[in-house]
Amino acid sequence: MTTETSTTEYEKYYVPEKSKLAVFATIGLILSIFGASHGLNEMTFGDGEGSWTILWVGLLFFAGTLFSWFRITIRENIAGMNSAQLKKSYVLGMFWFIFSEVMFFFAFFGTLFYVRTLVGPWLSGEGEAGRMNSLLWEGFQYSWPMATTPQEAVGGAGSQLIANNGEFHSYHKSMAFSEASAWYAWLPLWNTIILLSSSVTVHIAHLGLLDGNKKKFNIWLGLTVLLGITFVGLQALEYYEAYGHYGLTLNSGIYGSTFFMLTGFHGFHVMMGMTMLLIQWIRSVKYGHFTADDHFGFEASSWYWHFVDVVWVFLFLFVYIL
Amino acid sequence: MGDHHHGPAKGLSRWLFTTNHKDIGTMYLWFSFAMFILGGSFAMIIRAELFQPGMQLVDPLFFNQMTTLHGLVMVFGAIMPSFVGLANWMIPMMIGAPDMALPRMNNWSFWILPPAFLLLASTLFMEGGAPQAGWTFYAPLSTTYAPPSVTIFIFCIHVLGISSIMGSINIIATVMNLRAPGMTYMKMPLFVWTWLITAFLLVAVMPVLAGAVTMMLMDVHFGTSFFSAAGGGDPVLFQHVFWFFGHPEVYIIILPAFGVVSQIIPAFSRKPLFGYDSMVYATASIAFLSFIVWAHHMYTVGMPIAGELFFMYATMLIAVPTGVKVFNWISTMWRGALTFETPMLFSLGFLVLFTIGGFTGLMLSIAPADFQYHDSYFVVAHFHYVMVAGAVFSMTAAVYYWLPKWCGRMYNETMGKTHFWISFIGFNLTFFPQHFVGLAGMPRRIPDYALQFTDFNMMSSIGAFIYGSSQILFLYNVIATIVAGKPTSDEKVWDGAEGLEWTVPTPAPYHTFETPPKIDPVHAHS
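So the sequences go chain by chain: A and B.
Those letters in the first sequence? Residues 1 to 322, by the working numbering.
Those letters in the second sequence? Residues 1 to 526, by the working numbering.
Wrong hints could be hidden among the right ones.
Straight-line Cα separation of at most 25 Å, SDA-like style, residue types lysine to any residue; simulated pairs [said to hold, decoys possible]:
#: 1; chain 1: B; residue 1: Lys10; chain 2: A; residue 2: Leu21
#: 2; chain 1: B; residue 1: Lys518; chain 2: A; residue 2: Gln85
#: 3; chain 1: A; residue 1: Lys88; chain 2: B; residue 2: Ser489
#: 4; chain 1: A; residue 1: Lys87; chain 2: B; residue 2: Pro181
#: 5; chain 1: A; residue 1: Lys214; chain 2: A; residue 2: Tyr239
#: 6; chain 1: A; residue 1: Lys87; chain 2: B; residue 2: Thr184
#: 7; chain 1: A; residue 1: Lys20; chain 2: B; residue 2: Ile162
#: 8; chain 1: A; residue 1: Lys20; chain 2: B; residue 2: Ala9
#: 9; chain 1: A; residue 1: Lys18; chain 2: B; residue 2: Thr515
#: 10; chain 1: B; residue 1: Lys486; chain 2: B; residue 2: Thr503
#: 11; chain 1: A; residue 1: Lys87; chain 2: B; residue 2: Ala180
#: 12; chain 1: A; residue 1: Lys215; chain 2: A; residue 2: Met276
#: 13; chain 1: A; residue 1: Lys87; chain 2: A; residue 2: Ile74
#: 14; chain 1: B; residue 1: Lys10; chain 2: A; residue 2: Val23
#: 15; chain 1: A; residue 1: Lys87; chain 2: A; residue 2: Ile27
#: 16; chain 1: B; residue 1: Lys10; chain 2: A; residue 2: Tyr14
#: 17; chain 1: B; residue 1: Lys271; chain 2: B; residue 2: Thr339
#: 18; chain 1: B; residue 1: Lys271; chain 2: B; residue 2: Leu364
#: 19; chain 1: B; residue 1: Lys10; chain 2: A; residue 2: Ser19
#: 20; chain 1: B; residue 1: Lys486; chain 2: B; residue 2: Phe340
#: 21; chain 1: A; residue 1: Lys88; chain 2: B; residue 2: Thr184
#: 22; chain 1: A; residue 1: Lys18; chain 2: B; residue 2: Met105
#: 23; chain 1: A; residue 1: Lys214; chain 2: A; residue 2: Phe316
#: 24; chain 1: A; residue 1: Lys88; chain 2: B; residue 2: Thr512
#: 25; chain 1: A; residue 1: Lys20; chain 2: B; residue 2: Pro115
#: 26; chain 1: B; residue 1: Lys10; chain 2: A; residue 2: Lys215
#: 27; chain 1: B; residue 1: Lys417; chain 2: B; residue 2: Ser489
#: 28; chain 1: B; residue 1: Lys518; chain 2: A; residue 2: Asn82
#: 29; chain 1: A; residue 1: Lys87; chain 2: B; residue 2: Ile162
#: 30; chain 1: A; residue 1: Lys87; chain 2: B; residue 2: Lys518
#: 31; chain 1: A; residue 1: Lys215; chain 2: A; residue 2: Thr291
Simulated from the structure, these hints should not be mistaken for laboratory data.
If we strip away everything but chain A, and leave its shape as in the complex, we get (with noise of 0.2 Å):
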């Protein structure tokens, strides 16, 4: 123990000791991947079984050892074992999380545009790259959204002249706003009032939580969690439509890959920010966590929610709208 008397609050930080997290942890992700590769083996190339249940095992696992790994962070924190100097490693480290999850769509986007913007007119025949459209893909012509696949306009997977790898058939009806039948009876413009006003939700009960009004506090990140759940709800609605009326699915071609994808991950990290506020509401409302300077999961789990909220506004334009 050191007797130095430093004023820097540098001394205190906190560094914890031996801890089984990590190995446990290690052993959930990877039975997951496990599990879920050779789960996926067995589904496309029918080899094996049982996979699904080490997958699920795995997860089960994996979803335990965060909780503790998490409860065991929240109380080192009630102990008062977290420095100043501590929290900032916390805030730094969720910064930078969000900012790769940034760059995961980007990845996502990326791929939209370049698609949209290069290979698309290509494959109509545009430009130098244009050339391979007499030869491979005659009488393709581009629109957004894709109408019709290359292999649909040389008459299926059968004709065309590259390897058969699957079949891209189009859709009935696309996402687009000139495909609705009215304005209020398209889906994407009620998740984005709803995911937008979740926005103002999250920010009123920070505001409420800063002037210590707890009440006010519960119920607007509460009703936050219920936004977030009804745009999930929207969301599985427009897939059923999508699947089961519009003849859009996975295998609809490059507009249907981008659009499952895009918003398929989307929803997927809509679920993890509701889940991480509803954990907050809980800790809240149950166990009286939080003061007005002292709440960073709240305050790190609203960053995430704003961070889906903006991938929504991208998504609004350039996958719906543009």
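Could you slot chain B onto chain A? The hints should help.
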């Protein structure tokens, strides 16, 4: 808990449950060396097959699995984790921090690596074999024509990405938040600077790689058409997404190496680093440029001419900050009191050979010339000069330089120098002739070749065996040092070395800087 620190726990639990940056650094270093041997043995199989024209030892499918796994294991298993290990050991000691900012996550970043690589290596025994589309795994080789093991490969890449991102977030938080009072950014040792910038690169591009493999996964299993023209996608799209990750990735590998060399050359020149500020700015410039040059890997794929020109000029720009670095290292040595211990020898080897690799890179950056060089052995020679003589030589230098500080024992200098000279000769014998066969038209990634390339390929193979076996000497020297090296307790093992890590006792105690050290305000960086 944080107050009464004691020594390490006993037995296996010390390593499994540790939160100590030195323990975790040690595990990273040993793991990366094991992967270096594994990836190296794949390379030996490749060189054995290429010793003579014609098919001798392995069938072409297996040969492709070897080139693929060699690249993946060396890049993701050997080089990257070795520098992460070095970062774990050195960054807290260099900036006066008690440990890494997020110690439990630090342990997790390490422990997911070994099982992921075990899983990846196990695909060799799967039906259909291991992935064989090359370490760049271009679609449709990695989608339409891939064996089922590609699914496992995809998830392994996800895990490696998670590990890298968590490791990088930890490094960023440590450097931004845990510097001792007075350790301003522009006083940080250059190794810390290069790692900070590398960590930013990793957080920015590993998620893009995750996106690329996720699209592969969807194409293989869920009928999407990201990389299939029949559905309106494009196989070339894969190359764009991959190289948007891949080009920053090569700087992720080389920037920490720059940092190591920038610590070692001043120490053995007994002079401060020349042009510290310009070194920092050059590193940042290289990192920025790495985001806008990716398509120089794809000149022959059929890009519009405007794209070819843009990526050509942007690529050539990188020569400027890199030149700044090379001249700074040379100027550091100018009129220094030079001595040539093993770390310095490896650093000088780095300097000379990396510069050769840089120049061949400049040749490759010229789009019209690249139409000749593309996918030839010239490219193989180029990037091995950068990866092996660049990253691996500097890593080796780092081990010799800091090993006495880590374990309190001195390595055998004669054996170290022998290791250097055998490595240097073996390396050049392996890769220098590959420039010639490449320019003469020998393509990369083939198990057989035309007769006129035989002599140079034989030289290459002999060189590879020499270089490979010299690593056994390295391993022996390191183990002999740890077990029975001459004990040393000098805080400053090297008389010319500067920096906080040389102010703590030797061997470095389990916990350093429980209270922050005082930073000499006049004396800046090393």
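Hints and how they fare:
no., hint, in the structure
1, B/Lys10 - A/Leu21, "holds, 18 Å"
2, B/Lys518 - A/Gln85, "holds, 18 Å"
3, A/Lys88 - B/Ser489, "violated, 36 Å"
4, A/Lys87 - B/Pro181, "holds, 18 Å"
5, A/Lys214 - A/Tyr239, "violated, 37 Å"
6, A/Lys87 - B/Thr184, "holds, 20 Å"
7, A/Lys20 - B/Ile162, "holds, 19 Å"
8, A/Lys20 - B/Ala9, "holds, 13 Å"
9, A/Lys18 - B/Thr515, "holds, 21 Å"
10, B/Lys486 - B/Thr503, "holds, 20 Å"
11, A/Lys87 - B/Ala180, "holds, 17 Å"
12, A/Lys215 - A/Met276, "holds, 19 Å"
13, A/Lys87 - A/Ile74, "holds, 12 Å"
14, B/Lys10 - A/Val23, "holds, 17 Å"
15, A/Lys87 - A/Ile27, "violated, 28 Å"
16, B/Lys10 - A/Tyr14, "holds, 22 Å"
17, B/Lys271 - B/Thr339, "holds, 12 Å"
18, B/Lys271 - B/Leu364, "violated, 35 Å"
19, B/Lys10 - A/Ser19, "holds, 14 Å"
20, B/Lys486 - B/Phe340, "holds, 20 Å"
21, A/Lys88 - B/Thr184, "holds, 17 Å"
22, A/Lys18 - B/Met105, "holds, 12 Å"
23, A/Lys214 - A/Phe316, "violated, 34 Å"
24, A/Lys88 - B/Thr512, "holds, 21 Å"
25, A/Lys20 - B/Pro115, "holds, 17 Å"
26, B/Lys10 - A/Lys215, "violated, 50 Å"
27, B/Lys417 - B/Ser489, "holds, 23 Å"
28, B/Lys518 - A/Asn82, "holds, 23 Å"
29, A/Lys87 - B/Ile162, "holds, 22 Å"
30, A/Lys87 - B/Lys518, "holds, 23 Å"
31, A/Lys215 - A/Thr291, "holds, 12 Å"
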